[in-house]
Each structure stands twice: as structure tokens, then as C-alpha cells.
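Enquirer: Residue-level listing of the chains:
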Amino acid sequence: MLKSLRSDILHEAESKDLKVIIISAEGPVFSSGHDLKELTDEQGSEHHSEVFQTCAEVMMLIQNHPVPVIAMVNGLATAAGCQLVASCDIAVASDKSSFATPGVNIGLFCSTPGVALGRAVPRKVALEMLFTGEPISAQEALLHGLLSRVVPADQLEEETMRIARKIASLSRPVVSLGKAAFYKQVHQDLRTAYHLASQTMVDNVALQDGQEGIKAFIQKRKPVWSH
Amino acid sequence: MLKSLRSDILHEAESKDLKVIIISAEGPVFSSGHDLKELTDEQGSEHHSEVFQTCAEVMMLIQNHPVPVIAMVNGLATAAGCQLVASCDIAVASDKSSFATPGVNIGLFCSTPGVALGRAVPRKVALEMLFTGEPISAQEALLHGLLSRVVPADQLEEETMRIARKIASLSRPVVSLGKAAFYKQVHQDLRTAYHLASQTMVDNVALQDGQEGIKAFIQKRKPVWSH
Amino acid sequence: MLKSLRSDILHEAESKDLKVIIISAEGPVFSSGHDLKELTDEQGSEHHSEVFQTCAEVMMLIQNHPVPVIAMVNGLATAAGCQLVASCDIAVASDKSSFATPGVNIGLFCSTPGVALGRAVPRKVALEMLFTGEPISAQEALLHGLLSRVVPADQLEEETMRIARKIASLSRPVVSLGKAAFYKQVHQDLRTAYHLASQTMVDNVALQDGQEGIKAFIQKRKPVWSH
Chain A
1394 MLKSLRSDIL
1404 HEAESKDLKV
1414 IIISAEGPVF
1424 SSGHDLKELT
1434 DEQGSEHHSE
1444 VFQTCAEVMM
1454 LIQNHPVPVI
1464 AMVNGLATAA
1474 GCQLVASCDI
1484 AVASDKSSFA
1494 TPGVNIGLFC
1504 STPGVALGRA
1514 VPRKVALEML
1524 FTGEPISAQE
1534 ALLHGLLSRV
1544 VPADQLEEET
1554 MRIARKIASL
1564 SRPVVSLGKA
1574 AFYKQVHQDL
1584 RTAYHLASQT
1594 MVDNVALQDG
1604 QEGIKAFIQK
1614 RKPVWSH
Chain B
1394 MLKSLRSDIL
1404 HEAESKDLKV
1414 IIISAEGPVF
1424 SSGHDLKELT
1434 DEQGSEHHSE
1444 VFQTCAEVMM
1454 LIQNHPVPVI
1464 AMVNGLATAA
1474 GCQLVASCDI
1484 AVASDKSSFA
1494 TPGVNIGLFC
1504 STPGVALGRA
1514 VPRKVALEML
1524 FTGEPISAQE
1534 ALLHGLLSRV
1544 VPADQLEEET
1554 MRIARKIASL
1564 SRPVVSLGKA
1574 AFYKQVHQDL
1584 RTAYHLASQT
1594 MVDNVALQDG
1604 QEGIKAFIQK
1614 RKPVWSH
Chain C
1394 MLKSLRSDIL
1404 HEAESKDLKV
1414 IIISAEGPVF
1424 SSGHDLKELT
1434 DEQGSEHHSE
1444 VFQTCAEVMM
1454 LIQNHPVPVI
1464 AMVNGLATAA
1474 GCQLVASCDI
1484 AVASDKSSFA
1494 TPGVNIGLFC
1504 STPGVALGRA
1514 VPRKVALEML
1524 FTGEPISAQE
1534 ALLHGLLSRV
1544 VPADQLEEET
1554 MRIARKIASL
1564 SRPVVSLGKA
1574 AFYKQVHQDL
1584 RTAYHLASQT
1594 MVDNVALQDG
1604 QEGIKAFIQK
1614 RKPVWSH
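Chains as they are written, first to last, in the numbering used here: chain A, 1394 to 1620; chain B, 1394 to 1620; chain C, 1394 to 1620.
Just so you know, these hints were derived from the structure itself, not from any lab.
A hint or two may mislead.
Because identical chains cannot be distinguished in the list, a pair is counted as satisfied if it fits within a single copy or across any two copies.
As the list claims (entries may be wrong) - Distance condition first, Cα-Cα at most 30 Å in a straight line; then the derived DSBU-like pairs of lysine-lysine:
hint	residue 1	residue 2
1	Lys-1409	Lys-1430
2	Lys-1489	Lys-1409
3	Lys-1577	Lys-1613
4	Lys-1489	Lys-1613
5	Lys-1577	Lys-1489
6	Lys-1489	Lys-1615
7	Lys-1409	Lys-1608
8	Lys-1412	Lys-1559
9	Lys-1615	Lys-1412
10	Lys-1613	Lys-1396
Build the full structure now, drawing on both the sequences and the hints.
Expert: Below you can see the structure in the form of C-alpha cells.
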């Protein structure tokens, strides 16, 4: 499943026609994470190690991908499924969705999900989820920053597509440049971050689509992106 | 008081029977922090230094402790008392509780409380509290991440005990391993964090309770922890 | 505009009489950021570079300033205007205000605003704003940590002045010492942060206003600051 997800995410990643990716699921569960049958004694720790490393690679791939990746969640997202939501750039969920890191219940603390969760929500919220394994609601997930938007289930696809279409209407190289710079600067000290981001702005202005956008704005017309 | 708290936190810390710690108070004040009589000229700056260093040691001890530490707050938590709440892994409060860092009012900026507060709530919220000394309500504290849960006063003990009992029902070595890894990875860059957390998962799977939990799940029975 | 703002912020910065700065605007727009006419091909990349660096300097100046800086927002704050709000120590807004980083719409990703925004709100909220360019309301901005307080428009000035007067009633050297220590420690690891903050507390106690405040508290009288 992880390899298939990785392959899908990488599919035509460099194509000018790819503007945005939506990750969604069918049925009442968004994702419940790893298949525990892959984690018994019989497979051995080398296999376990490969499973968790592949998982981490897929999660990091989302941040390193040139286009925005949106999680569209309608249902339960647990363990590595919750990690997947936390790892996307944007996360939209139906109000019936819920989120949990229940590994402790079966003696397997959700340490890798905790990497993504601990960077998405306040520490106390992450730790209560990790220590108790109990789910939080979509509204709580929004309150704490795990989601950027919550809507009724029957508006989920419409709202997600609205965001996706908006992103698809923009200049791909501009969005890619901005996404890469954002994730790079957000961990740096303020001076280093501003140095990087100021240079990114200068590079952005110099892009063909940067100049087209500014000219179109001044001329009060719609920009025509060359990507 | 700080030494007594430290001694209580360390009491039987390594015992297999200790699964979770709850820090609570009697009366309408959870904690109002340092005794100002210890901070006058007469004691001298060496004594002042010892007071603040002991305080910092106790706060860090909570994160380094092998079991989860829950703050159960019913009332006012100010200055180092607010720092104590911010330093716990989980914080549950009654809806009548409030939180402040009022040191500026008496010419003593809450800089050490600001270490814990600045890591628990958004920067603007921390700074408004630190600069004005004014209290925030339990609901605001929940909104901003200082608390993980707010309940009516008459349900505070029940709700806190529910969380504590849940944690006590889990495997202690699994929870300890996960807690240590969480605090270590949360400051690292994403790749380093995933490297650490993936190795933690592999180590966790290899624990006796890790294998017992997975087997019990596959066999659809309750796990029996050996701790 | 940036140079004028810088000059105003630096005006009598070292005067004992300056206790707090409020940044506000007249009319329905708080600030809409850069003048795009300064960013066309004709000016050349050296000029663009100077524009963004001056902007970053002004934003960092706010954090490095000895007194608290409050944004009082009544209206729309976009791009570098949103960055300005995110860069202030405290931000109070009317409930009609809104906040956006709409650069993507004109092919210029708000990378420098993203530096301040990414440190004020959860990552998913920042990225949805940056990728879609769509505004968030004052209530959403409060929920996510961009603001510390939202009030009806007709109470905005009163509420902001209340906070400012409170800060102005405090000891300036105590507030300055605390502000500088807060921003320094907040990026450090916990042990280093506590070492710095404990030393700051000791230094604070030794200040004339530190001793005056503690004595006044013990003697149950109002402190008289010498600044």
C-alpha cells in the first residue's frame, strides 16, 4: 500500500499539467495505518525497519513534492492514517471524521505518527492522543491545527475541489517555489529564514509567471500563465 | 516546596507499579509560584540562582520522567504555577480555572514560566500574558493549547482519573519508550526525527509487550502486559 | 513606506518615556503590503532585493525593539500587511478584520509573509492561506494564533489602549529584559532555554525595579518604578 501510494504521488510529478494532488479514501475509514500482520516476530526486525522507513519516505515525499497535496478525509484516520493527514499540506475533513493514534492499546506506541502529529498540533494535545489512544473529533482537530477546514460530509468533495481548482488555476512554478521555500525556512532562525525568503521573492519576481502576474495586475487584466 | 515536589515526582520512579502521576492541589489556588520572600536582596543572587535552577530542574524532570505526568487544575495557576501546568505532559482543568504570568506587576518578568508557556501556546498569546500579567480563562487556555481538556469542576477528578486509569492499563515500557522518543524527535529536523522514530518503532515491536500486543490483536483477545 | 515605518519605530526607542508602540491604520485597509509597481522588470533584481530586505529588517526590528509593539487592526491586512500583524508582539483586531496572503493570485508567492505567518499559526493554516490566497476572518485568526484578541470594531481602540496603558504602567527595563529573553529562549532546546531564563530572572531580581516590586508586594503597597 505504501509503495503504491508512493508511486501514485510520484506519477507525472514533473509534468506541467499536474497542479495539485488530493488523497482520499472510499468507505468509512480514511486509513487505519499499518497492517499489523507485517509486524510480528516472524518477519524479523529488518523487515519491520523497512516498513517504517518506507512509511517515513512517503510522508516526507509529500512535503518535498512540487505541488500541494490535500488530504480529503471522510471517516476515521488512525495511526499511520492520522500521520498521513498530518503530513499533507492542507487537510479538509467532514464533520463526522475522527483522528486517533491508538498504538498504545496494542503495545505499539505511535512514535512515527507522533513525528507528524507533534508538528501539527500543540504538544499537550499530541501527548494526550498518543498516551490514551483515544480519538479526537474533526472539530477538535480543526481547533488544534490538524485540519485546516471542516465541512458537513455532503459538502466535503465540493469544498475540497473548490480549493484544488483554485490552486490549479495558479502558476505551477510559483506555487512550487513557494512551497519548497516555506518548508525550508520554517525551521530556521528568523534572520536566516528572512534571508532565504527574500531571495525566493527576488527569484519569484524574475520568473516569467512572476512578471506576467505583476503586469496583469497593473494592467487590470487576468494573467496568462506559461508555467 | 520545589524540593518536596521533586522528591515526590522521583518517588519509585523506576517501579514497575508506577504508571502515571497526577499533580493536583487543595483549595482555590493550584499554585501561585515562588515565595517572593525568597527573592529579596537579603538572600543574595546566589540563593536566587539556586531557586530558579531548582525550579527549572523540576520542570525538566517532568518531561524526562518515564511515566506520563498529568496536571489536574481546579483554580488559579500563576507564574511558576502556570509554568508547572505548561510543563506537564497532559493538563486537565475545571472550567473555573485561570492561568496567568503576572510577574511584571511586581517588577519580575515571568521569564522562566515563559520557557514552558512559549512552547505550549502561540507566541502572541504567550506575549500578551507575559506583558500584561492578565489571566486567561480555562476555555482560552484550551483554545490556545495550554490545556488538553476542560470540564465542569464537579467532573474534574472523574475525567482526570478516567485518563489516568486508561494510561495505567497500558504497558509501562511501551509508554516510557514512546514518551522519551516524542520529546527527543519533536525538536529535530524532519529526516532526523523520522530516523529516530522509525528505530523507536522497531525497538518497540521487539519489546515483549510489543509482540504480546500485536499477537493479542491478531488473536482478538486482550493483551497481558509483562511490563 | 517601509523606511518611514522603520524610522517611526526607531523614534526615541531608547527614551525612558517610551513604554509601548501601537501600529494602526486609517481607513478600511490595515495594509495591503508592497507596491507592485516597485517590482516590475524595469527596477531590476537589485532593487527588488533591497525592497524585500528592507521589509525583513523592519519586521525583525519589531522583535528586537526594547518595548512591546501592538498591532491594532481594523480591516484588511494582506501580504506584507498580514506579515506585519504576524510580526508584532501582540495583535488586537476588530471582528470585521480579515487576513490574507494573496500573492499567488498575481504570480508572486508570499514567501516573506510566510516567514512570520508560519511562526504564528499552525502549518496547515499557513499553507492553505499561502496556496489559495483566500482570506481568513478575525475569529479564525484568533483561533489559530495570529491574533491574541478580537473585539467589536467600536471597542477596538478602547481595548487596545487598555492593554497599552497596562504595559505603560509597568517597569520599562523589566519588560525590555523579559521581551529580549523570551525571543532568544523560544528557539533553544529546553535545557539551554532554562539556563538563559534562570539567569534572566536573577538579573531581573537584581534590577532596582525588581527589588522595588518585590518589596512593594511584601509591604502591600504600590511599587514606584525608577525605570
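Enquirer: Against each hint, give a clear statement of whether it holds in the structure.
Expert: Now the hints, each set against the structure:
1. For the homomeric pair Lys-1409 and Lys-1430, the shortest alpha-carbon distance between copies (29 Å) is at most 30 Å, but the shortest distance inside one copy (40 Å) is not.
2. When the C-alpha separation of Lys-1489 and Lys-1409 is checked against a cutoff of 30 Å, the pair qualifies neither within a copy, at 36 Å, nor between copies, at 39 Å.
3. In the homo-oligomer, the alpha carbons of Lys-1577 and Lys-1613 never lie at most 30 Å apart, since the shortest distance is 33 Å inside one protomer and 45 Å across protomers.
4. Taking the shortest Cα distances, Lys-1489 and Lys-1613 sit within 30 Å of each other only across copies (27 Å), while inside one copy they are farther apart (43 Å).
5. In this homomeric assembly, Lys-1577 and Lys-1489 never come within 30 Å of each other (Cα to Cα): the closest approach is 34 Å inside a single copy and 33 Å across copies.
6. Taking the shortest Cα distances, Lys-1489 and Lys-1615 sit within 30 Å of each other only across copies (28 Å), while inside one copy they are farther apart (39 Å).
7. Within a single copy, Lys-1409 and Lys-1608 get their C-alpha atoms as close as 22 Å, which meets the 30 Å cut-off; across copies the closest is 48 Å, which misses it.
8. Taking the shortest alpha-carbon separations for Lys-1412 and Lys-1559, only the intra-copy value of 10 Å comes in at or below 30 Å, while the best inter-copy value is 45 Å.
9. In this assembly of identical chains, Lys-1615 and Lys-1412 lie within 30 Å of each other by CA distance solely inside one copy; the values are 19 Å within and 47 Å between copies.
10. In this homomeric assembly, Lys-1613 and Lys-1396 come within 30 Å of each other (Cα to Cα) only across copies, at 28 Å, whereas the closest approach inside a single copy is 47 Å.
The structure fails hints 2, 3 and 5 (numbered hints given earlier, in ascending order).
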